[in-house]
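**Student:** If you're matching them up, the sequences are chains B and G in order. Residues in the first sequence are numbered from 19 upward in steps of one, following my numbering. Residues in the second sequence are numbered from 19 upward in steps of one, following my numbering.
What the hints contain is simulated information worked out from the structure, not anything from laboratory work. Just so it is clear, CB atoms sit at the ideal spot from N, CA and C, and this is done for glycine as well. Incorrect hints may appear among the rest.
Just so you have them, the derived chain G footprint on chain B, three or more residues with Cβ under 8 Å [said to hold, decoys possible]:
id: 1; stretch: 129 to 139
id: 2; stretch: 143 to 152
id: 3; stretch: 155 to 168
Number of protein chains: 2
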Amino acid sequence: MIHGVLLDLEGVLYAGGYPLPGAREALLSLRAAGIPIRFVTNSTRVTRAAIVNRLARIGLDVPIQHLFTPAVAARQYLIERRLVPHLLVHPDLRGEFADLLGAGPPSAVLLGDAGPEFSYAALNQCFRLLLDGLPLLSMGANRYFREGEQLTLDIGPFMAALEYAAELEAVVLGKPAAAFFQAAVNSLNLPAHDVVMVGDDAEMDICGALSAGLRGVLVRSGKYRHGDERRVEPLGGRVFDDLDAVVDYIL
Amino acid sequence: MIHGVLLDLEGVLYAGGYPLPGAREALLSLRAAGIPIRFVTNSTRVTRAAIVNRLARIGLDVPIQHLFTPAVAARQYLIERRLVPHLLVHPDLRGEFADLLGAGPPSAVLLGDAGPEFSYAALNQCFRLLLDGLPLLSMGANRYFREGEQLTLDIGPFMAALEYAAELEAVVLGKPAAAFFQAAVNSLNLPAHDVVMVGDDAEMDICGALSAGLRGVLVRSGKYRHGDERRVEPLGGRVFDDLDAVVDYIL
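So here's chain B without its partners, still in its complex pose:
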């Protein structure tokens, strides 16, 4: 039996700035059935508050305390270890870390999905700090995301570039890190195997969730590409057309 649901946002609830067909109704049905929901996104181009506002404007009600983002995980990681970040993040996310800067020279490199800010100069700056021995923290490992009709490079390739250059491994602070799923599951007070993760990224969402002991279902909305289910099936995850179909199955 499934007693709790984790939902990815982009490609599951909305796409291209609009709710996906049936997404609003699916949320209402889950809530009516008393099944608690948490929202887990690897999006690091805007703040958590901005995500919640955008979703509200298109009729998707996501309470901010139920939204888990890598930026929140990264703040916690930095504060617990008293690390000062060197940021390579999207300009709109910088404010989330403003209070952690300036307490001394940087002691960790923090990577977000910086988009066009992933320049040769900015990557070189990170690389040189890594050579000096700073750890690399990466808010996700996603390979690409869907942007309109095309796929676009996400944070993962730039994490991989720096890992290759400096010969180290990044600490991943979003999906597919087990700790990230566990934080969301803990807030539900449920055992992981009673919770299902619904996502459109076979690797980050589903394989990640399954490795963390959750159940996982892939939806074919969003960035799904033909054959993605082959990554999931050996691990025991299921595949549905969209969130609506998933909710029908759960209820």
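Knowing the structure of chain B, use the given hints to seat chain G on it.
**Tutor:** Leaving out everything else, chain G in the frame of chain B:
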């Protein structure tokens, strides 16, 4: 006995635009002893002719037909397979491939050390072509190079980024590919084990040469970093301070 020598350029013969101490004399001594030399560089920021001219201006005599570059190897690879390249290369290298463009839509992505041209937009363009099924050809896999007092990202991290994003493996057309060393060795009409590669990059120069059946010696000039010899020693390569010391040993 060593009957032929392959020399890397930057960090072995010159650095920062000047010959390294003893480099000119080392070339003269090898030539006086009748030991043939080939020059193998992974440099892809300028044409082969420009490299030869720059070296001549600082008193280093390198005949163009003895200089092996990944651009030459890439041209040959493209022509043999009738591939039209999509170029992400340094502007100064574009001319080397001008005659191969325009014969149709691109059928291979060709990566050079593009420096600041490694932009988010340019990498996305390559990524989308790779998703369409084009192969990735990379003129080298170097992690970094020395630029003045600091180390700078080379082609390898960007190759790694695209490999990660599109989940494929690049065809490497410079060092450490065995075929690249073999082309230089073949031009000497010597068996590989009679030829020594001298370089400052433990991985690309020395491990690459040893894997291709050559001998290899690492020099501590150039981008050498403390501990680099640990990559080489298990494979049987030796380490010297500079080219001068290597030539003393050979002769």
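**Student:** Please go over all the hints and tell whether each is borne out by the structure.
**Tutor:** Hints versus structure:
Requiring three or more residues with a Cβ within less than 8 Å of a Cβ of chain G, the coverage given for the stretch 129 to 139 of chain B holds, as 7 such residues are present. Interface restraint, the stretch 143 to 152 of chain B with chain G: holds (3 residues with C-beta to C-beta distance below 8 Å; minimum three). A count of 3 residues in the stretch 155 to 168 of chain B with a Cβ less than 8 Å from any Cβ of chain G is obtained; the coverage claim is therefore met, three being the minimum.
In summary, the structure agrees with every hint in the numbered list given earlier.
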